[in-house]
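In order, the protein sequences belong to chains A and B.
For the record, in the first sequence the residue sitting at position 190 is 216 according to my numbering, with numbers rising by one throughout.
For the record, in the second sequence the residue sitting at position 200 is 226 according to my numbering, with numbers rising by one throughout.
Please note that the accuracy of each hint is not assured.
In silico lysine-lysine, BS3-like type, Cα no more than 30 Å apart, as pairs [what the hints assert, rightly or not]: (1) Lys100/A <-> Lys100/B; (2) Lys59/A <-> Lys59/B; (3) Lys30/B <-> Lys173/B; (4) Lys29/B <-> Lys100/A; (5) Lys100/A <-> Lys269/B; (6) Lys112/B <-> Lys59/A; (7) Lys30/B <-> Lys100/A; (8) Lys29/A <-> Lys100/B; (9) Lys173/B <-> Lys227/B; (10) Lys100/B <-> Lys30/A; (11) Lys173/B <-> Lys112/B; (12) Lys161/B <-> Lys269/B; (13) Lys59/B <-> Lys269/B; (14) Lys145/A <-> Lys100/A; (15) Lys164/A <-> Lys100/A; (16) Lys173/A <-> Lys227/A; (17) Lys170/A <-> Lys224/A; (18) Lys112/B <-> Lys30/B.
Hint data in this document are derived by calculation from the structure and do not stem from the laboratory.
2 protein chains.
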Amino acid sequence: MAKKYTTPYEVAYYDGDITRRMTIPAMLAVVIKTSEEQSDALNRGSDYVASFGLGWVITNYEIHITRLPRVGEKINVTTQAMAYNKYFCYRNFWIHDQQGNECVLIKSTFVLMDQENRKMSSVLPEIIEPYESEKITKIYRGEKIEKIENGQFLPYRVRYFDIDGNQHVNNAIYFNWLLDVLGYDFLATHEPTFINVKFDKEVEYGQMVESHYEMLDDQDQIVTRHEIQIDGQIYCEANMTWKKSQ
Amino acid sequence: MAKKYTTPYEVAYYDGDITRRMTIPAMLAVVIKTSEEQSDALNRGSDYVASFGLGWVITNYEIHITRLPRVGEKINVTTQAMAYNKYFCYRNFWIHDQQGNECVLIKSTFVLMDQENRKMSSVLPEIIEPYESEKITKIYRGEKIEKIENGQFLPYRVRYFDIDGNQHVNNAIYFNWLLDVLGYDFLATHEPTFINVKFDKEVEYGQMVESHYEMLDDQDQIVTRHEIQIDGQIYCEANMTWKKSQ
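Pulled out of the complex, with its shape left as it was, chain A reads as follows (with noise of 0.2 Å):
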């Protein structure tokens, strides 16, 4: 079994929106920092990476959402890397309440890109070798995401506080832009239940990114689907479910 890693956080005021749970992208932010914690513990945190000149990239999200935390709330988050192949890590995040409730599961994929030209590496023992994750061959595929059939749009400029220190945009930042267009009246009285999405192409500033989506409006349930272009490149691209918040 792969070494877990918890730290507790105590939700912030900023970290919440209107209706005072925790955002996406606030939650994103805090479940990457324990990952990274991990690495640091095990003497693999991101200076130890760009030694070998590469550094980790996220290419898709799996969130499972049984409750969002609420502002002022104590949770734990757990930190697991499960398992990896030639390319790909697979990596489990779970946040957890006071009473041990699982409150949201997070699948996500990463990759180690060579800092120079941006490609793929395969991912090299060293790095990966004190996680004690399972080397597995199997590639895991995820559900699949379906396309916007008639969508919408609104345009987004790359700003300065959204790249961070390896100048690219932070993958929390994405969910600013999908999430943004669907509109305060929705997002104020709806939650997520179920994100997927697959960040395809690195985002840098100064670009004009468009936050494409559509809503589907099932019987009992709303799916809204994602796509984040430049120039008709998808960028990234994400499917969602949704329930009405309490």
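Let chain A serve as the given structure and place chain B on it in line with the hints.
Same frame as chain A, now just chain B:
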């Protein structure tokens, strides 16, 4: 002497910009959290204030920066409600590093706002008493904010995640607009040493703001002047002094 309240904080990767220094929006979010913690500890949290139909609003920050904390650094955030008069409460914040050096001093002005009609209320003794701050008659007039003479601007749409539990744009978000217009090349190579900002009107969801700015390059320091405008009206104004990053 008014009560001081200190809370430790470790600067997270998501608090940093591409230079891995703490951003101004992240810094303000963290210092305000400290004052909220003090208020909660004194049983004067936002629920208590709301029981009078009131809420705190910040009208001014004067930010003196010796150096910006770095990602991974452990800091101490201290706050003290210094003094108040009939309408204005003056609160200081300090950020100290592990060696006890002052990194940042922030002088702020808070007012109580009626939640119904958004008008200023006089300071209620019940609310202010436990902080043990000094009652004064003097009104503190901060340094004058110089107006833009020959400005440029970029437009920004207020997004869902820009508004907080009070249904208004959080003060920290204004700095995304104020700073982003200065551009990557400038922001990646300069640090603010002094910021004087005044919040005149509240910005709401869905509005389009214009972030106007002008840069004055004196012999040994760079000064920027800023205005957030909507339909030609000033909502926020600021002056900043900058130095080249080391």
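Contradicted hints - numbers only:
3, 5, 6, 12, 14 and 15
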